[in-house]
Amino acid sequence: MSILVDRNTRVLVQGLTGKEATFHAQKMLEYGTRLVAGVTPGKGGQVHLGLPVFNTVEEAVRAEEPEVSIIFVPPLAGAEAIMEAAAAGIKLIICITEGIPVLDMLRAKNWLKRYGASLIGPNTPGLISPGQSKVGIMPGHIHRPGSVGIISRSGTLTYEAVHQLTAAGLGQSTAVGIGGDPVVGLKFFELLEMFRVDEQTRAVVLIGEIGGKAEEEAAAYLKASSYPKPVLAYVAGLTAPPGKRLGHAGAIIEGGQGSAREKIDRLQEAGVKIVDNPARIGQMTAELLSGR
Amino acid sequence: MLIHEFQAKNFLQRLGWKIPPAALAESAEEARRLALELGCPVMLKAQVLAGGRGKAGGILKATTPEEAERLASRLLGHRLVTAQTASQGLPVARLLVERAINLKKEYYCGLAVDRKNEALVAIVSRQGGLNIEELSASRPELIKKIFFNPDEGLKQFQARQLGYFLELPEDLIKEFVVRLKQLAGFFIEKDLKLLEINPLVWSEDDRLLAVDARMEFDDCSLARQPELTALRDESQENELEKEARKFGLNYIKMDGNIGCLVNGAGLAMATMDIIKHFGGQPANFLDIGGGVTEQAVSKAFELLLADSQVVTALINIFGGIVRCDLVARGVVATAGRLSLDRPVVVRLEGTNVTEGRKILEESGLPFTFARDFEQAARLAVELSRQPR
Chain X
1 MSILVDRNTR VLVQGLTGKE ATFHAQKMLE YGTRLVAGVT PGKGGQVHLG
51 LPVFNTVEEA VRAEEPEVSI IFVPPLAGAE AIMEAAAAGI KLIICITEGI
101 PVLDMLRAKN WLKRYGASLI GPNTPGLISP GQSKVGIMPG HIHRPGSVGI
151 ISRSGTLTYE AVHQLTAAGL GQSTAVGIGG DPVVGLKFFE LLEMFRVDEQ
201 TRAVVLIGEI GGKAEEEAAA YLKASSYPKP VLAYVAGLTA PPGKRLGHAG
251 AIIEGGQGSA REKIDRLQEA GVKIVDNPAR IGQMTAELLS GR
Chain V
1 MLIHEFQAKN FLQRLGWKIP PAALAESAEE ARRLALELGC PVMLKAQVLA
51 GGRGKAGGIL KATTPEEAER LASRLLGHRL VTAQTASQGL PVARLLVERA
101 INLKKEYYCG LAVDRKNEAL VAIVSRQGGL NIEELSASRP ELIKKIFFNP
151 DEGLKQFQAR QLGYFLELPE DLIKEFVVRL KQLAGFFIEK DLKLLEINPL
201 VWSEDDRLLA VDARMEFDDC SLARQPELTA LRDESQENEL EKEARKFGLN
251 YIKMDGNIGC LVNGAGLAMA TMDIIKHFGG QPANFLDIGG GVTEQAVSKA
301 FELLLADSQV VTALINIFGG IVRCDLVARG VVATAGRLSL DRPVVVRLEG
351 TNVTEGRKIL EESGLPFTFA RDFEQAARLA VELSRQPR
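Protein chains in written order, with my numbering: chain X, 1 to 292; chain V, 1 to 388.
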């Protein structure tokens, strides 16, 4: 097992005919992801990368029954694309797009509640269940199937962590990028709950960063649920200056809120093993698992 | 994008808010003349894009036009360092000269995006002029928050709840409710992230006045709010940071001596952290991003080296979309042109790592290669300690 996607998951690509989407859809196909259709308004009826293209998500859903959609559209069209997918009955939406206005995301999240759909991202590399399905833009070859779940707010730092785990002989059940924006879909605690009930997952690595309260929420959840699996966390940004946005729209210490220290303390209180050297994520996970 | 107090007040005035009589001065002479025209006492308020101006001496009171001139000359043309600026502070090119207000009470009124609740929030406080976060922690009973969403906006009854909480006189509550509701509409229409009126003043002559204001717009929305870009004051930005932005690079100057060049924001933060972990000091945050070109990498390396505090550079690349060979070519272009005079530690991993390494090796330039993330950090810290 894995969480969210597996080898059978049928995937739609919104914005398929664009340059970036084309590149990454090709890579996903090579990885073995079951892409079934694409959507680009005005290009319905075409075939792109061997996939049928539709004008609307509704048409694509009717014809090809995708369960998951991955979105590659320009930032100002991002929220609409999320809403369109939800309205068409897609239950899991992965939005890669970076730079969606925050008010648009508030609107999109309200919309999702109405349709009971889940969102990953935006501003995420996506997710991957190694050896089964890659619904994202991460380099597939660094992953191995295995028993460590990963949840991260970052892109390349996740690749770094995956690389370390793989080098330490540890594969991954599913690696999920939840996105670097201030308002995102599924958060740490919701994914921790999915990993809790996933049989394949034996440990979870959480990669947080400055800004917001997602790590604190995760800590509260872990405490309340007496989480049965070991959790490790690295929180980036101990050296971050306050009031500065560090690359990700959501990575900012504002009004004294959202510092790495605060997050680390809360996670530690909740029994999470804190990694203070980001080059030792793989090694410490291996030690933790072998010690059990 | 933050805008200045005077710009924020222009918006407020257009929305019907009353503000104290004021005008901008760019010279001490002008400040004196405005003090005379407005009538003393006046407040001289440094227009810089950072909070904490009052405590830092950026807001001064003058009781005569002569004093206004003298005080203005102490602010204008200098740099103001506040708790929220970098150590070098921000340049003061303009003062807002404002008639001092006699007040009965002061309050706080703010609108913001609440990340945790994923909603917009309107916040008022019975005490103003203070830091709202500190006040929330120490005196939560003085604060009232109401959440609303951008589709529905702030409702009249919600604005009324906040107005009555402030215990203003009845006619000022009526005025506040109308203004706040409009303000929430403006917040949504213009894609703001934060709007504060602090203090909001009940004056001795029973008027409601916005005495200080702060507005931050969402950078992601500027493409659909083109009229806002004219409000950007580039003189308030660090030169290197400004230059970096033009090339789509995320660069933030820090106070250390190890320059970092990394792909990805998370890895860039982690690179600063690991340098600190091994006892070094990062000189900057620099994320070259995912869609970077060779020219932008070249520029990034140039910016990094342009910081004279940098004694060692650390290049940490985990190639995914970004290819190691592209980064290597960009780095070599700059290093060759500038006759590299400082040690550079390189750690490459991922897409096209072999090609990248080959380009660096064949350049004949003195790069130090690290086999992994940890070794790279250790080497950089070690080199940063050696006398030059």
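Check before you lean on any hint, since a few could be wrong.
Residues from chain V that face chain X, not an exhaustive set, calculated with beta carbons under 8 Å [unchecked claim]:
1) Ser27
2) Pro65
3) Glu118
4) Met272
5) Val353
Computed cross-link-like contacts, DSS-like style, restricted to lysine-lysine with a CA-CA straight-line distance of at most 30 Å [unchecked claim]:
6) V:Lys145 to X:Lys91
7) V:Lys181 to X:Lys223
8) X:Lys113 to V:Lys181
9) X:Lys19 to X:Lys43
Keep in mind that the hints were calculated from the coordinates and are not lab data. We put the CB at the ideal spot given by N, CA and C, even for glycine.
Right, here's what the structure says about each hint:
1. Ser27: violated (30 Å)
2. Pro65: violated (36 Å)
3. Glu118: holds (5 Å)
4. Met272: holds (4 Å)
5. Val353: violated (11 Å)
6. V:Lys145 to X:Lys91: violated (33 Å)
7. V:Lys181 to X:Lys223: Roughly 40 Å between the alpha carbons, so the hint for lysine 181 of chain V and lysine 223 of chain X is violated.
8. X:Lys113 to V:Lys181: Within the cut-off at roughly 26 Å; holds.
9. X:Lys19 to X:Lys43: Cα-Cα ~14 Å, so holds.
The structure shown violates the earlier hints numbered 1, 2, 5, 6, 7.
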